[in-house]
Amino acid sequence: MKKTECRAVALLIMLSACASACSPVAPWQRGILAKSSMALEPNPMQSSLREHTHGSREAASGSSSASGGGCGCY
Amino acid sequence: MAVTKSKTRYNIGPACRQLAKHLLSGTAKPKPAKSSSSSLQALTVAAMALPGLIMSAAYAAEDDDVNFQYGHYQEGKRNLYNVQNNKNPIEVDSLLGRAKISLTDRIKFAFNYTQDTWSGATPITTAPLVLGGNRAIQADTITRPRRTITTGASPYLNGEILLNKNFIPLRQNSRGKVTGEDTQLVHTLSSASPETRKQGDFKLGYEWDEAALDVGGGISVENDYESRFGNINGRWDFNQKLTSLNLGLSYTNSDTSAILDHDSSPYITKTAFLDRIEQVNALKIMHGNREDWATTLGLTQVLNKDALIETSIGYTRSTGYMENPYKAMTVVFVDPDQQTKNLTGNVQAFLEQRPDQRNQLTLGGRYIQHIDMLDSALHLGYHFFHDDWDINAHTFDADWVQPIGNTWTVTPRVRYYSQDAADFYSPYLLSKQAYSKVTYNESTGTFSTVSYDPQKLPANFSSDQRLSGFGALSGGVTVNKQFSKAVSLEAGFEYYTHAGSLKLAGGGEGDYADFNYYVANAALKVNLSALDSGGHSNHADHAAHSHHGGHGPAGVMFDHMLSKTNDVMVGYRFMYSRQAGNMLHGSNPVSDLDIVNNGCGKGLNGCRLTPTYMNMSMHMLDIMVAPTDWLNLMLMPQFMDMDMNLRELNGAPPVKPGGHVHTGTGHATGGVGDTGIYALVKVFDKPMHHVHAGLGLSAPTGDVGIKLRRTHRQDEGFIHYGMQLGSGTWDFKPSLTYTGKLDDWSWGAQISGTKRLENKNASGFAFGDIFQSTAWGGYSLTRWLSASVRGVYTLQGAVNGQFNPTQGTVNGKLVNNVNPSAGPMDFPSSYGGRYWDVGFGLNAVVPSGPLAGNSFGFEWLQPVNTDVNGYQLDRDGALSASWSIMF
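Protein chains in written order, with our numbering: chain A, 1 to 74; chain B, 1 to 887.
In case anyone wonders, no lab produced these hints; they're calculated from the structure.
In this text, a Cβ means the ideal position worked out from N, Cα and C, and glycines have one as well.
Please note: incorrect hints may appear among the correct ones.
Here are some chain B residues pointing at chain A (derived, C-beta under 8 Å) [stated by the list, open to error]: (1) Asn67; (2) Gln69; (3) Ser94; (4) Asn304; (5) Glu310; (6) Ala377; (7) Gln419; (8) Arg466; (9) Thr478; (10) Thr701.
With beta-carbon atoms standing in for the labels, derived distance ranges [unchecked claim]: (11) Pro24(A) to Gly475(B): 34 to 40 Å; (12) Pro24(A) to Thr701(B): 51 to 57 Å; (13) Pro24(A) to Leu247(B): 20 to 26 Å; (14) Asn615(B) to Pro24(A): 55 to 61 Å; (15) Pro24(A) to Leu781(B): 53 to 59 Å; (16) Asn79(B) to Pro24(A): 56 to 62 Å; (17) Pro24(A) to Phe483(B): 35 to 41 Å; (18) Pro24(A) to Thr782(B): 50 to 56 Å.
Just need the whole structure built from these sequences, with the hints factored in.
Listed below in structure tokens is the structure:
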């Protein structure tokens, strides 16, 4: 891996590690987090179409998981 | 990577009131410290009991919903430089249906159905421009004086090029004189006829208070590729649900069974795959199998009340046949011993060869921040990909989710992607050896031919653009409109540009490989949970009583009305029909010779082909609203797909130039069909008897200009009438329906028709008018299940007019009409007929629970008598299935 890639990976690990030390949020303070705009995937239908398209045109996207997707041999 | 979604669910009922009580009592009268701690505990318990908040940490409760989406992918034309590119680029029509339902409070079930149909021109290989891989198709006119015209472009994979001593390709003028070096590359394009993929998959999950486990599986089937997969995912919430850990494992097993293209295959060297290629009559079929194991580990963490972060790491191991069987590598063989001033290169094409294994690693993160001032959410994502094919890829994306008012959400989005080339990628290969060479053996005094040494070629090679180095920039917007608590519409658009020059840190592929595409999509989303909580507590009764006699059999359209003003119904219908078995003339089976002699018109050369089967599937959305209690309006968009296979008739005459010669491989079409717009008007309404009339139009949104691809040096015209996706004409569709109900019995009758409002469509023909009458009886077996029997008579006229002549080139000659005429399915007179059917149906309305009010229907139509116009395949039957919900 190149240097820049290593840095990106290190940053992600640091972020994950710091996460557990983040400020506590009481259950009644989670109204904003429950908004649909804050969902990890706000438009799941469209995302699956987009991922399928990227998977048939890019090398990296096709390997994400076993959700089918077919050959995309075009 | 497992993508987990969270959804809003505000059901502020008793738990909220309890929480409010606690809050109010807390503010009204401050308590001592000890007591405030217990108050805090009580608050926490109360808050955790709120459905919307209990899961609102990393993973919110997923609502029950049913969604439908249509998507269209359209690629731009590729640059062929010195040849005009008149080939239609790749386009894909996709349909996605998705249902997520709670079987119990803790058991969840999700089902997805996906269907894609694609067609168009795509690169088969890459070659130096001087080879002329895409050549203009020249045709001589048959009129005098004869002249040569250009009618299109055709791919060439083999040939000779001139190179200088440094192995750089040289450009020559029309007289063969070298005019300079030319390093320009170009894709060689080849067209594909439409093909359809269908996929079904499910997920079954169990949820504990702080964990969830789900198992899933599915299958994806297309003509040349079948994929089966299974997965298991676990989730653990801890740290008061501020942290969630996900672990997933999946397995996919895929079989390739690809018919190698008849036109290009003879020009492609396949020696490395001889043990994989099966010869079936004239067809060469490539077989392969691959397996993929993937695992992902993800962590989602709430950072504060306005932000959360998700990180994930994934590993995938793929083994087996990973080639694309339709991609070839251009190899320029140059004998370095040539004594001439310039070198001659022998250009050959080889099936691409990829390694048998691939280990892939993905790392990613997503940060989501709420912007209080605008009530919007910013999503920032980064993913890194690395594999042992030496591909490193980076993906950056940003979404801005902006609610506008109470019902609109607009989400602009931008994405940047960059990847390195695979270590075995090359646009083309240069091999410094002769492809084949005649040598003289002085000791024996004999000549012998020596072929190239395969060992001197790399073990793996591919010129697939997906493995090249490039960057891609895309941007788009999604608009979501909430019409009610339960129903929303979503529309999205994305434009994508792929370019070598966009690659991170440079060094990408040349601009010959650049292309663009757009994807547009529209979705209808029905939230069943919102229905459940929206005051319609008695859906089952609502569904059963708001229209008279409930639903008719699943195959009957316009069977009921909504009887209350402002009622809305959303439904889905699926219809499948199959024709197979004997060829009929009238009601009687006929021999091959009869079809040869009489099936293709008088005075012509006779039929050569006949269909062996034809399947048609139709997916239809059924949206119904009641602006008043006597008028209902309906919108019915459709998505169609069809496939057909042909065989050669015994006693068929020899192939005539311009004839339709391919057999055994089948045809397929698919995409958006016609769209129906209807009004139902109440005519008579008593407790026992009800009559309503329907008036409607069918708009010609289905394509009726689908043509077969050029093969065997012959252009081909329109694909058969019955394989087109719509009627192409505006059609008037009236109906009159009577329904009755007494105790457990229900009955009904309907007459309906289709009158074409135009003599011909844009392609030159119009389908025949249709008249149908049907009557049925039903009995309620239980409160929620009923059975029905019905009879149907259908009359349809033959096709009027015929396809407009299609000019094309056949073996270098310009032919004024290349439309197929080799079988009865190409003749207007062999459409329509008179049909009797009997239908057996079941209807169910879910009586209680979270799915209360959902209606399901199934019906099988069994042909009883078939009397066709001309020569047509017998019918096997038709299946109808429907779902609907009213609110």
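Okay, the hints, checked on the actual structure:
| no. | hint | in the structure |
| --- | --- | --- |
| 1 | Asn67 | holds (5 Å) |
| 2 | Gln69 | holds (5 Å) |
| 3 | Ser94 | holds (6 Å) |
| 4 | Asn304 | holds (5 Å) |
| 5 | Glu310 | holds (6 Å) |
| 6 | Ala377 | holds (4 Å) |
| 7 | Gln419 | holds (5 Å) |
| 8 | Arg466 | holds (5 Å) |
| 9 | Thr478 | holds (5 Å) |
| 10 | Thr701 | violated (20 Å) |
| 11 | Pro24(A) to Gly475(B): 34 to 40 Å | holds (37 Å) |
| 12 | Pro24(A) to Thr701(B): 51 to 57 Å | holds (55 Å) |
| 13 | Pro24(A) to Leu247(B): 20 to 26 Å | holds (25 Å) |
| 14 | Asn615(B) to Pro24(A): 55 to 61 Å | holds (59 Å) |
| 15 | Pro24(A) to Leu781(B): 53 to 59 Å | holds (56 Å) |
| 16 | Asn79(B) to Pro24(A): 56 to 62 Å | holds (58 Å) |
| 17 | Pro24(A) to Phe483(B): 35 to 41 Å | holds (38 Å) |
| 18 | Pro24(A) to Thr782(B): 50 to 56 Å | holds (52 Å) |
Checked against the numbered hints listed earlier, the structure breaks hint 10 alone; every other hint is satisfied.
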